[in-house]
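Sequences listed follow chains A and B, in order. When the letters of the first sequence are read in order and numbered with the numbering used here, they come out as residues 358 to 753. When the letters of the second sequence are read in order and numbered with the numbering used here, they come out as residues -6 to 595.
Calculated directly from the structure, the hints in this document are not laboratory data. Not one of these hints is a red herring.
Computed spacing ranges between beta-carbons, pair by pair: (1) Ser458(B) x Leu750(A): 57 to 67 angstroms; (2) Ser594(A) x Ser458(B): 56 to 66 angstroms; (3) Glu703(A) x Asp306(B): 30 to 40 angstroms; (4) Lys748(A) x Ser458(B): 50 to 60 angstroms; (5) Phe572(A) x Gly487(B): 34 to 44 angstroms; (6) Lys561(B) x Gln497(A): 26 to 36 angstroms; (7) Pro504(B) x Gln497(A): 36 to 46 angstroms.
Taking lysine-lysine pairs in the DSS-like style, the calculated list, with each CA pair at most 30 angstroms apart, reads: (8) Lys710(A) x Lys514(B); (9) Lys717(A) x Lys570(B); (10) Lys561(B) x Lys710(A); (11) Lys567(B) x Lys748(A); (12) Lys748(A) x Lys303(B); (13) Lys693(A) x Lys565(B); (14) Lys693(A) x Lys560(B); (15) Lys710(A) x Lys571(B); (16) Lys561(B) x Lys717(A); (17) Lys559(A) x Lys570(B); (18) Lys560(B) x Lys710(A); (19) Lys560(B) x Lys559(A); (20) Lys710(A) x Lys541(B); (21) Lys560(B) x Lys717(A); (22) Lys549(A) x Lys559(A); (23) Lys593(A) x Lys541(B); (24) Lys704(A) x Lys571(B).
By construction, the Cβ of each residue, glycine as well, lies at the ideal position given by its N, Cα and C atoms.
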Amino acid sequence: MALLQRKNKIPLGIYIHVPFCRSKCQYCDFYSLTSKKECDFDGYLEAVCTHIREAGPQAPDHIVDTVYFGGGTPSFFGADGMAAILTAVRKSFDVSPTAEITFEANPDSVTDRLLRRLRSEGFNRVSLGIQCDNDDTLKQLGRPHTYEQAVQAVKKIRKHRFRNLSVDLMFGLPSQRLQDWEKTLRNVLRLKPEHISCYGLKVEEGTPLYDCQEFYNLADDDTQADMYLLAVRLLKSFGYRQYEISNFCRKGHVSRHNLKYWTGGEYLGFGPDASSDFGGCRFAIVRDLRAYIEGISTGGTVLREYQEVAPRERAGEYLMMRLRTSSGIDPQSYEKQHLLPFAPLEKAMQAFKERGWAEKTYDGRWHLTPEGFLVSNTIISDLLLIQERTKPLGKR
Amino acid sequence: MTELSKIRNFSIIAHIDHGKSTLADRLLEECNAIDRREMEDQILDSMDLERERGITIKARAVQLNYHADDGETYALNLIDTPGHVDFNYEVSRSLAACEGAVLVVDASQGVEAQTLANTFLATDAGLEVLPVINKIDLPAARPQEVKAEIEDIICIPAEDAPEISAKNGINIHSVLEMVVRDVPAPKGDRNAPLQALIFDSQYDSYRGVIVYVRVKEGTVKAGMDIKMMATGAVYKVVEVGTMNPLGLTPTDALGAGEVGYITASIKNVADTRVGDTVTTVENPAAEALPGYRQVQPMVYSGVYPADGAKYQDLREALEKLKLNDASMSYELESSIALGFGFRCGFLGLLHMEIIQERLEREYNLDLITTAPNVVYRITKNNGEVMMVDNPLDYPDPMEIQLAEEPFVKVSLMAPQEYVGNIMDLATSRRGEFKDMVYLDANRVELHYEMPLNEIIYDFFDALKSRTRGYGSLDYELIGYRPSRLVKLDILLNGDIVDALSFILFADNAYPRARKICEKLKENIPRAQFEIPVQAAIGGKIIARETIKALRKDVLAKCYGGDITRKKKLLEKQKEGKKRMRTFGTVAVPSEAFMAVLKLDED
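Work the whole structure out from these sequences, hints included.
Below you can see the structure in the form of structure tokens.
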């Protein structure tokens, strides 16, 4: 009976932002704190749990099928805190027994105790930040671990029966050559992760890297493009399917949580700087732990952004997000969902196809090729411009 | 009508930033011309742009009723004038409407190039020049030295010049007393045939053109038939009156010596040119007042809507602006690259910037402007003489017998330690040194003759940066001189982009061509194919850069579902594409055009 009821429920993802790190990486522009004074673990834990309890009743018709602890470094925050938060989630929301429950970890804070505890709490997926296999580069980037520590961390994770392991890698790092990147990939492939994310280094404003980028020997766009295409080819030959611009997995191991972002699923975010898309609205929480704690404890607002998404905007998001995935866009459901004609877009996609940037499947769907993914901003902004100039489909 | 002996007509002249408009504000306050609550800074500069930049663009006149220490009430007509060299003619006409000028000199900066230039304009117009030392409350103020400077350099007595602070309202009263005491009362016969000098006009959508005049002889009343002596246009006067700080006050008549306005259902400001004389049809004056000339634009540039569909909007905006600014000219121009737009003529670079900014702001237009150029005089082999204000009209070199470009006499003033820097700058801009005068132990004035083309881009900025802001500049046109000119074309992917072509001095062609190619390479986004950027004279390529094909333009991570940020980025990119123009197969953002204009910045 319970199962039947659940069938009609709307799937929901839950994201917990854990804004603490041992040290700040040079390139990172996510919200996280490192100093002892700022790292108010207790205040954070209480605020997040309260926040979750308050939000629960808003989602009576939802079933949580993914929970994701990102950061920051959740493993640095520790097993007890994460367990407490997950318990709060289970108490306040209907969490599916088959839910994908992920936590992010850095090799230096993965301990047997942490893994044992989290596995027993029901966590079933680990996303491990390895980034590269060169200790000098790791040090230069401000990563608090060596490659050997990463290898040991994978062993421990396997020992504690986590059967779904994802690793994060980066290319375009200081002094990294194409062959160095290939070596990183080949080394990491030996660890046999179920899932690999490959991100090109992007120098973000406001990061330490931004200020001294000229002192690093960073790869230019062309080299980054070559590295990306190398990864796509190599991972494919090892049986990894590319299902999104930066994400590759063995059969059946897509990140169900991340896929929600690309496919228009609903998700609720908790913790400072977390984003949500829920009930037709997008909102984001303040990028400030103290303001978050304060807001939650006094019942004030903790949002820095809140907007209802107009249907027309959803149509734009459809293109923006779906084209990041390998399954791409479907003209029929596009027209049906957004009541806009696909024909002008079809024409543009044809042109992209001729440049080798897009492909059409036998059933009429369009998706980008790896070369197309590389220039996806150009493609998507072109499509958005065309879309903006189309008139809604008239009623037949 | 006010008795002649109770009228004082004066203007305030100064070098830029010496406090002209601030003093005007204080004078208004001192005469209780406006309520405190209606007071705002630079009240006579009613355009936002004027306030923001702290400059006066349009002349403005206002009448103040001042109860002087002698117990009498005087009508003081203050005519505020623009301060920039671009508007020298307007300034000269405003001055011709006065009997005196208050010369504001900054107590720390002292005499500067435009202090001199404006004083000469005033003395040429026969005005009594009354110095005032401003900003005496600044720590760096040196009023005694500045007074001596004024006496030495400008040769006018300055010993008794009031020492004031316009900003803090110190000693303002003494300025007004000085005006009453030292500015001569106007003369004139109110029964003589009418001669009224137009010093400004402004379009009002209800009344038509409002003509600002100084009546020199005779009287003007509502109902009279008047004639503009230069344009010959005839109108019936609807209303006359005087200008208050906050509006117009109708009066029965304006007589000789008075400053006021005339409305006569005039549709077009072009009929009421600054400097023209208004007389009556019935009893016309024998001759017009001296000094009138038709202003000629000195600098031309193509103005195009960034979005080609906005062409009509741009046309309407230009029509409206033209109603208020007879010195700007525009005519239809079409470019293969940019589609339909306008060739606009301006008095100078500041004037051009102002018009562009007003178009963008007041009419909400996005513009692409092409490189400004001066008017060249070309004599063809068949004897035909052409005035070329547009590179597109530049004839084939084979047909040219003589090419000439306009030259100006430039005076540059700065502390003597910068003489070397100024000389380097002037020489690099083809300046021909004339002479150098020590104004005092420390300050030097240099005179050069150089092509106008060399100063229209960024000469003023370059001068400022080479003299730590102390240098000042004034110039006047001295005529055309033969020159070696070439037309430089820019090719993208093998096609000439006509909107990027321009005319320049032959020796400058190579370095400039290289710089332009570099700038375009930086500013044109990579496309899916390689784009050669070339510069050519005639058929000969003299510079080349290559924009490599686009391979990477992607946002890797979308963390924690923060889609809004990503969306904004893509939206921005999409909006940017609207501002691109496609030339053949190459999309060029409007920023690229801007970059080409600002070649000398680095």
